[in-house]
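S.K.: From just these sequences and the hints, can you work out the full model?
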Amino acid sequence: MRFVARRTVLALAAVAFSGLSAAAQSSLELKIMAPAAPGGGWDGTARSMQQALMAAGIAKSVQVTNVTGAGGMVGLAQLVNANKGDGNQLMVNGFVMVGAILLNKSPVTLEMTTPIARLTAEAEVIVVPANSPIKDAKDLVAALKADVAKVTWAGGSAGGVDHILAALFAGAAGADPSKINYVPFSGGGEALAALLGGRVTAGISGWGEFEGQIKAGKLRAIAVSSSKRLDGNDTPTLKEQGVNLEVINWRSVVAPPGITADQKKALSEVIEKMVKSPQWAEILKQRGWDNAYLAGPEFDAFLKSEITRVADVMKQIGLVK
Amino acid sequence: MDVLAALGHGFLVALEPSKLFFALIGVFLGTAVGVLPGIGPALTVALLLPVTFKLDPTGSIIMFAGIYYGGMYGGSTTAILINAPGESASLATALEGNKMAKAGRGGPALATAAIGSFVAGTFATIGLAFLAPWLVEVAVKFGPWDYFALMVLAFVTVSATFGDSPLRGLTSLALGLVLGLVGIDKLTGAARMSFGVPELLDGVEITTLAVGLFAVGEALFVVSKRHKGDDVIQPIKGSLWMTREDWRRSWGPWLRGTLFGFPIGALPAGGAEVPTFLSYSTEKRLCKHPEEWGKGAIEGVAGPEAANNASAAGTLVPLLTLGLPTSATAAIMLAGFQQYGLNPGPLLFAEKPDLVWGLIASLFIANAMLLIINLPLVGLWVRLLAIPQPWLYAGILVFAAMGTMAAKASVVELSMLFAFGFLGFLMRRYDYPVAPMVVGLILGPMAEQQLRRALQISLGDPVVLIENPISATLLAIAAVALLAPFAMQGLNKFKANED
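Taken in sequence, the protein lines are chains A and B. Position 192 of the first sequence, counting from 1, maps to 192 under the working numbering, and the rest follow consecutively. Position 48 of the second sequence, counting from 1, maps to 369 under the working numbering, and the rest follow consecutively.
Calculated directly from the structure, the hints in this document are not laboratory data. Please note: incorrect hints may appear among the correct ones.
Calculated cross-link-like contacts (lysine-lysine; reagent style DSSO-like; alpha-carbon spacing at most 27 angstroms) [as the list claims (entries may be wrong)]:
{"id": "1", "chain 1": "B", "residue 1": "673", "chain 2": "A", "residue 2": "215"}
{"id": "2", "chain 1": "A", "residue 1": "31", "chain 2": "B", "residue 2": "673"}
{"id": "3", "chain 1": "B", "residue 1": "375", "chain 2": "A", "residue 2": "150"}
{"id": "4", "chain 1": "A", "residue 1": "285", "chain 2": "B", "residue 2": "375"}
For clarity, every value in this text was computed on a predicted model and none was experimentally measured.
M.R.: See the structure below:
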């Protein structure tokens, strides 16, 4: 059991160190599952929550676990089945999971969980190579109308937020979304080669991934997918350019099914306290995440509408039959 | 600022006692998690992130880099000693390294791995300091067609692992390629050959296959012929350290391994596996002792280990210059940078020279520390092999099973480990090489994805594969590598007829 013990020791050390600065008044012992490997966005969210909850003294201990597999499906199945009724368990999820559930025909779905709150959001950006004749979203719309299959898109994994945005954009442009030529890459670095070399028409990613190249003038940002322009940047939104579309890459937390109303209330309060803490605000600033806190019935409704929207798109592009 | 002056300044930062201390903790933790199965550098850095929140940024990032380098060092130890490569990049090391260990040359094998890692790490870090801005310009120009050509080249070199019979080698490779089809197709999102088992959606884990075929398969094989009395492991035969001959045969592979590892590691989708295979096959072709290959040739450890470590330094090129993480550990290090409000990218070198050059300088220091920590351990490690065989192999089975469970706690994963173990036993029993199967699993999915991406971007026109200078060159090298042996044979026959 050497390595298992070592892992526990590291976790305990983490707990001990971060607890030093703030006297923890709470007796809450929380578990947060990141349904992905260390290093990804969900893992980062879970560990940031751990940091904020403990530094602010909202929880006595927060244990982060990683359950990897199938775009979060293995983690989701564990939350729905094994953690049922556990009022101290949370799981991080987000936009990408909605698509993954449909894509993998998962027997467990997000509707089975107990939604707690939406936490963060990141705007998507559509870029073109610096020497591209496409100057704005209208030009891209025109190119799609001319021949949707000749417009090549580079972005993240199939069925992910980048892919959904490309399909929605084609639909909004009046082209057939099932004919889009979308090339999924594993990471921003790989997509970058195709973009910088002018090999693809357009690229889609979270703002952060392309930021450096946009500032260096090697990529041209033609639109952001959020409802308003980003701070300190004058890239226009899609809506400003006549494309009636808004997509954000959101992340949220959910609890297992079968918890009592009191337990749900308690968890919701913990998250609300965390979101309002200065420690959380500090983390959001450092990571460049936007606060997108939404809880209660509003979040339930938001989740439902996103699930419907993604399901429609995925049927249109033929990812789901 | 001049690079040398900046680096000198970096050393001033890195040699502060507190920074040295962070580097020491980092390399120590890194070596430990590299040796232990199932827990890698990525998870370690992730666990430490909240702890380091309040610490000095430069110190923490130096520590993370130490963990990263240390993990690369530690991985080779289990590969050599018990034939259980803890990560896919140590696979090539296991091939000759474990044979050496069994022949009583575990000491020199571990030593050439450690010194080779030091040499490669040092040269690659020099490359990082001086070439990073230039190299990254080239690296981001690598398109899917170029990656595909690189994979083709890697496939050609796989024949070096075939052993005596090309047909048996190809059979093994084909098995690996079939396994590579399992899981979600990255380009369409469709599940392939997963039979409704969610654990299979991510495909077959490379380390599960490698540890199953190599370590478990061998344990079963040894048990099956236990009463025949052969195949005795000698812990130490000859010198525990590298002889003059070992040094003479190691330095070339170290340098060539670095030349493979660093640039390929710097490619966004290059990875650490491809350069280790390229190094292995190159050394086999260049080696003056072909009869030793498959029985424990020191070049086969020196080259791939150097390539492995150089690629780890290469990964830092896109991370520092573009802010692009190209491995799981790099992704977490990026989160570490962001935690301190630092954004890696073209501006980091200009805005935070203390941190960047301090980091690069401390990589040199971490490398030296790793050598100092690891060399004395060699004598201790080889004593593991003195454990009586039944105990040793039982221990290996437990170690393999626990490592798999720690990495992915699922019954499916464990069942696969032992299924692969049984397959490995059968393949040994009927004399099929096991390495090509793992190589097929690693390269197959990469080659498939890159080819399909290339064709999707070119709207189905295959000319894209040869109209780009990089891919055309790589494909030409692959063609030469494939045809040269036949041409030479033909030429020799022709000459023989003349006489």
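S.K.: Could you run down the list of hints and mark each one as holding or not?
M.R.: How the hints compare with the structure:
no., hint, verdict
1, 673/B to 215/A, "holds (18 angstroms)"
2, 31/A to 673/B, "violated (37 angstroms)"
3, 375/B to 150/A, "violated (51 angstroms)"
4, 285/A to 375/B, "holds (16 angstroms)"
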